[in-house]
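Trainee: Listed here are the chains, written in short residue letters.
Number of protein chains: 6
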Amino acid sequence: MKLSTRNQLPGTVVSVVTGEAMAVVKVKLDGGDQVITSSITKDAVADLGLTEGAAVTVLVKSTEVALAVE
Amino acid sequence: MKLSTRNQLPGTVVSVVTGEAMAVVKVKLDGGDQVITSSITKDAVADLGLTEGAAVTVLVKSTEVALAVE
Amino acid sequence: MKLSTRNQLPGTVVSVVTGEAMAVVKVKLDGGDQVITSSITKDAVADLGLTEGAAVTVLVKSTEVALAVE
Amino acid sequence: MKLSTRNQLPGTVVSVVTGEAMAVVKVKLDGGDQVITSSITKDAVADLGLTEGAAVTVLVKSTEVALAVE
Amino acid sequence: MKLSTRNQLPGTVVSVVTGEAMAVVKVKLDGGDQVITSSITKDAVADLGLTEGAAVTVLVKSTEVALAVE
Amino acid sequence: MKLSTRNQLPGTVVSVVTGEAMAVVKVKLDGGDQVITSSITKDAVADLGLTEGAAVTVLVKSTEVALAVE
Numbered sequence: 001m002k003l004s005t006r007n008q009l010p011g012t013v014v015s016v017v018t019g020e021a022m023a024v025v026k027v028k029l030d031g032g033d034q035v036i037t038s039s040i041t042k043d044a045v046a047d048l049g050l051t052e053g054a055a056v057t058v059l060v061k062s063t064e065v066a067l068a069v070e
Numbered sequence: 001m002k003l004s005t006r007n008q009l010p011g012t013v014v015s016v017v018t019g020e021a022m023a024v025v026k027v028k029l030d031g032g033d034q035v036i037t038s039s040i041t042k043d044a045v046a047d048l049g050l051t052e053g054a055a056v057t058v059l060v061k062s063t064e065v066a067l068a069v070e
Numbered sequence: 001m002k003l004s005t006r007n008q009l010p011g012t013v014v015s016v017v018t019g020e021a022m023a024v025v026k027v028k029l030d031g032g033d034q035v036i037t038s039s040i041t042k043d044a045v046a047d048l049g050l051t052e053g054a055a056v057t058v059l060v061k062s063t064e065v066a067l068a069v070e
Numbered sequence: 001m002k003l004s005t006r007n008q009l010p011g012t013v014v015s016v017v018t019g020e021a022m023a024v025v026k027v028k029l030d031g032g033d034q035v036i037t038s039s040i041t042k043d044a045v046a047d048l049g050l051t052e053g054a055a056v057t058v059l060v061k062s063t064e065v066a067l068a069v070e
Numbered sequence: 001m002k003l004s005t006r007n008q009l010p011g012t013v014v015s016v017v018t019g020e021a022m023a024v025v026k027v028k029l030d031g032g033d034q035v036i037t038s039s040i041t042k043d044a045v046a047d048l049g050l051t052e053g054a055a056v057t058v059l060v061k062s063t064e065v066a067l068a069v070e
Numbered sequence: 001m002k003l004s005t006r007n008q009l010p011g012t013v014v015s016v017v018t019g020e021a022m023a024v025v026k027v028k029l030d031g032g033d034q035v036i037t038s039s040i041t042k043d044a045v046a047d048l049g050l051t052e053g054a055a056v057t058v059l060v061k062s063t064e065v066a067l068a069v070e
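Chains as they are written, first to last, in UniProt numbering: chain A, 1 to 70; chain B, 1 to 70; chain C, 1 to 70; chain D, 1 to 70; chain E, 1 to 70; chain F, 1 to 70.
All the given hints hold, so there is nothing to weed out.
Below 30 angstroms or equal to it, Euclidean Cα-Cα: the simulated DSS-like pairs (lysine-lysine) are:
id, chain 1, residue 1, chain 2, residue 2
1, D, Lys2, E, Lys28
2, E, Lys26, F, Lys28
3, A, Lys2, C, Lys28
Don't read these hints as lab results, they were simulated from the structure.
Assemble the whole structure, with the sequences as input and the hints as a guide.
Mentor: This is how it looks when you write it as structure tokens:
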């Protein structure tokens, strides 16, 4: 499967916090110390079997990326 | 200024393509070869003075981050 | 590849309008007359080789779905 | 009311899971078996009176729609 | 029609810039000097007949709202 | 710090509801009675120290702004 989603970053799940409806998953990007936070449904966490140590790809559509300058 | 936006990644602008209304800016993340694509307004590009070589921070709200597993 | 993205709808590209930075792709969903509009980068259109008649899957993260009642 | 939101799909609520802050609502689209997942606030669920069987319209802005090809 | 979209702000269109695929519409909020920028498809601008002076409501889903503190 | 995010509205936090993973923060905009709802992570609320009465800036990317006409 090939995605229109421009931003695809490989990493490893470092934590999963699950609420009633939503969950917050933290992913350490490969090759560095950057940690990415993802808010997805509880269902998606179960469906993908996301637990600490799982290899994942972080996906972000380009229209969701803002930029800042000092 | 401190942001609720969980994902903040430093990088350098590598290209700017500007249309009539929107622009697409590519940013190489620091400490690696990953390139992030951002779709923002033409006005934002002008306002921030974004050109090749500019130091920027990539910003992504956690609700915009999806995950994939193989 | 398995995605956290909850909404995945199969369809066929019915039109592609490409600007300088962005493109608008229309997709007729399988099994009906519903047409979905997607705004993605010009690069993504080229990368996926999207042209009229292409089979695609429409992807929408659940946090992007609003609801209306009469 | 007429919306700029390009994607408007009629359906019926099939489940509502409510957390402290957010809720996840599933909607079966009319004329098929496709189920759409929507993550909205708990307040919105109460305000719209969303319960199983309610007729709703699913709304998705075109900038939130990604595409995939095999 | 009642929307799950929590943020609905009335205003008046002050400018429309249209590209090949997308358009940028600026809206002055009622009761103040705040101007909101919206990036929508060229089709949506045509469909809603958006021109300078048009009365509109700005719609933003709560999951799209970030916060900043000094 | 200067943001590409076009929409930046000053206001005051009027309520914070925190769940296991996510939180919903309501902000009254300065100079009016409009209240904006923001859905952010529980972590962001803690990190920014958001409590009733806090001065904040509401941030919305232009690609997230839809429009409606009567």
